[in-house]
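Each chain is listed here by its residues.
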Amino acid sequence: MPDASSAAKASGDPLEEALAQKSALLHEVDHRVKNNLQLIASLILLQSRRTPDEAARAALKSVLERVTAVATVHRRLFQNDPLRFDVADFVRDLTADLAAAAGRDDLDVVLDLDHVAIPAASAAAFALVVNELLGNALKHGFPPGRGGRISVNLADLGRACVLTIADDGVGMGGQPPGFGSTIVKLLCQQLHADLQVSDAQPGVRATVTVPMGETPS
Amino acid sequence: MTAEAPLDVLIVEDEVLLAEELGFLVREAGLHEVGRAMSSAEAVALACQFTPDLALVDVHLKDGPTGVDAARLIVEDCGAVVLFMTANVKRLPADYAGACGVIGKPYSERSVTSALSYLQVCLREGRAPGPPPLGLSLAPRYRELWDGGLAETG
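Chains as they are written, first to last, in this note's numbering: chain P, 1 to 217; chain X, 1 to 154.
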């Protein structure tokens, strides 16, 4: 199949040729990043399959989930604008994956998502925050036999976007904050986002407000 | 249904660790792995030797971006159904080189096992049990071919 770079060579325009070469290079890097993320996921899974200790396996599984969240970002990157990242599409992918992994047909996950584009540079941080908050609701909100509803809402307020993840499960119940909440707190700092976690009676409501129109480093 | 033998699967992937993990996922989904190939020549030879029902084919193989051509040969000469697994979904030809669909990398292990179980039903019954699971895109020709189940649910 003729690609853009050989087409430019045929046209003989050096500027077009340079541009095509750059774009081919970008694709090559994109391809390698995706493959390497797949390689990391495979390594974790393979090791987990050979780990008899249940606690160690659980730890590997949560590492895998976090790597998968970052991988989901990269699958979505470069699909359209390489510098912007559509949060709604990503949240839809990640939610479906996490809900299917939980294997609970007594949980209703309801999505209400505005299309919000954030800088691609912030995408992985945002993805990990969504992953932790949603994972928390799925894992801790609903013990076996206790069904319910989780709602994921993304609202575009112009100067900020607001992500709300609320469940009607058993609530926080004085659980000590784990590594997951550390990740969320740190990444919200990085995103200059405001994080509110409250008792929704019943359940937990987490709200993340991310300012738009600036590029956090 | 349960008495039927599981589908035979050929894995065409030049990253051995990905192939190894894919082997586990094939088994977990209830299918049967018949072999692994790392280059296009090896892929076509094994496909014609083992006549698998399904070949999972990466686009980038040991001998370069030869997966698309290998897929076409596997479909036409060896009679297997091909599923692409690639980070380069955009570079696939419009006719998918005769393949039934694609899973984009990086994939989650869940999307692979659900796609494999779904395809096992499609291949056995000649129609889809519903819309394809998350992460699996079907080629236009196969969407039409397996349309029965899709029309009911979609």
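None of these hints come from the bench; they were simulated from the model. Mixed in with the good hints, there may be bad ones.
With the Cβ distance kept under 7 angstroms, some of the chain P side facing chain X (calculated, not the full set) [said to hold, decoys possible]:
1. H31
2. S42
3. A101
Note that CB positions come from ideal geometry on N, CA and C, so glycine has one too.
Against chain X, is P:H31 within 7 angstroms by beta-carbon distance? This interface hint holds because 5 angstroms falls under the 7 angstroms limit.
Should the hint that P:A101 touches chain X count as held when the rule is a Cβ pair under 7 angstroms? It holds, given that the least Cβ distance between P:A101 and chain X is near 5 angstroms, below 7 angstroms.
Identify whether the interface hint at P:S42 stands, where standing means a beta carbon of chain X within less than 7 angstroms of its own. Cβ of P:S42 sits 4 angstroms from chain X, so the hint holds.
In the structure shown, no violation is registered for any of the earlier numbered hints.
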